[in-house]
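**Student:** Listed here are the chains, written in short residue letters.
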Amino acid sequence: GAVVSQHPSWVICKSGTSVKIECRSLDFQATTMFWYRQFPKQSLMLMATSNEGSKATYEQGVEKDKFLINHASLTLSTLTVTSAHPEDSSFYICSASAGVRANQPQHFGDGTRLSIL
Amino acid sequence: SQQGEEDPQALSIQEGENATMNCSYKTSINNLQWYRQNSGRGLVHLILIRSNEREKHSGRLRVTLDTSKKSSSLLITASRAADTASYFCATDLYFQGAQKLVFGQGTRLTINP
Numbered sequence: 003g004a005v006v007s008q009h010p011s012w013v014i015c016k017s018g019t020s021v022k023i024e025c026r027s028l029d030f031q032a033t034t035m036f037w038y039r040q041f042p043k044q045s046l047m048l049m050a051t052s053n054e055g056s057k058a059t060y061e062q063g064v065e066k067d068k069f070l071i072n073h074a075s076l077t078l079s080t081l082t083v084t085s086a087h088p089e090d091s092s093f094y095i096c097s098a099s100a101g102v103r104a105n106q107p108q109h110f111g112d113g114t115r116l117s118i119l
Numbered sequence: 105s106q107q108g109e110e111d112p113q114a115l116s117i118q119e120g121e122n123a124t125m126n127c128s129y130k131t132s133i134n135n136l137q138w139y140r141q142n143s144g145r146g147l148v149h150l151i152l153i154r155s156n157e158r159e160k161h162s163g164r165l166r167v168t169l170d171t172s173k174k175s176s177s178l179l180i181t182a183s184r185a186a187d188t189a190s191y192f193c194a195t196d197l198y199f200q201g202a203q204k205l206v207f208g209q210g211t212r213l214t215i216n217p
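Those protein sequences? They're chains E and A, same order as listed.
All residue numbers for the first sequence refer to the numbering used here, where the first residue is 3 and numbers rise by one.
All residue numbers for the second sequence refer to the numbering used here, where the first residue is 105 and numbers rise by one.
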């Protein structure tokens, strides 16, 4: 149980393109989803937290207009990297949780490797 | 700021040996979790230890928590080649009513056959 599917797993696109990444909880309702960014050989950095039906909460330094997050249902959240540039190339990982109470685990997707040419 | 710091950054051992990784953190926690990440993949949850627990076991994994020293360790016994991965500790941080995980820098573990 607790499977999170992330799609696509790898995307290569030209500079200036907008890219959408989907994160789905397959067998549970995810009231909260998290989006992380990870550079090579580094840790995960939280970008934003999204709750179903409300606006995402972005971490300091993350551009809201650059990284659009939508969490329209209890099973789907999307991250859109708008007008992507080479510096946006990274590994993006989502996670989903059935709640935000203490000891509620986060279940992670397999990540999306984004390469901007 | 990054809460968890892990030590060592990289560890290479022979198959069958035990691997120990350490994690230190700075603020009070409700729980601490350990995750594994295979290269180019997402994170797999290994074990959660609550702040009122001192030790927890799961198969070949043993986690300890010392809240007085703000540190935790992950021991993998009888290591296997398939254990090769990066291991991250994560502490919970509550901010404005929401729980967030703060990850350590990770330990890259290599098991040599």
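Treat the hints with care, since some could be wrong.
Said to hold, decoys possible - 30 Å max Cα-Cα, derived DSSO-like pairs, lysine-lysine:
1. Lys173(A) - Lys57(E)
2. Lys43(E) - Lys204(A)
3. Lys66(E) - Lys130(A)
4. Lys204(A) - Lys22(E)
It is worth saying that the hints were derived from the structure and are not from the lab.
Quantities reported herein were computed from a predicted structural model and do not represent experimental measurements.
**Student:** Now tell me, hint by hint, if it's right for this structure.
**Tutor:** We went through each hint and held it up to the structure:
1. Lys173(A) - Lys57(E): Status violated; Cα separation ~38 Å.
2. Lys43(E) - Lys204(A): 22 Å, holds
3. Lys66(E) - Lys130(A): With Cα atoms ~29 Å apart, Lys66(E) and Lys130(A) stay inside 30 Å; holds.
4. Lys204(A) - Lys22(E): 23 Å, holds
Taken one by one, the earlier hints fail for this structure only at number 1.
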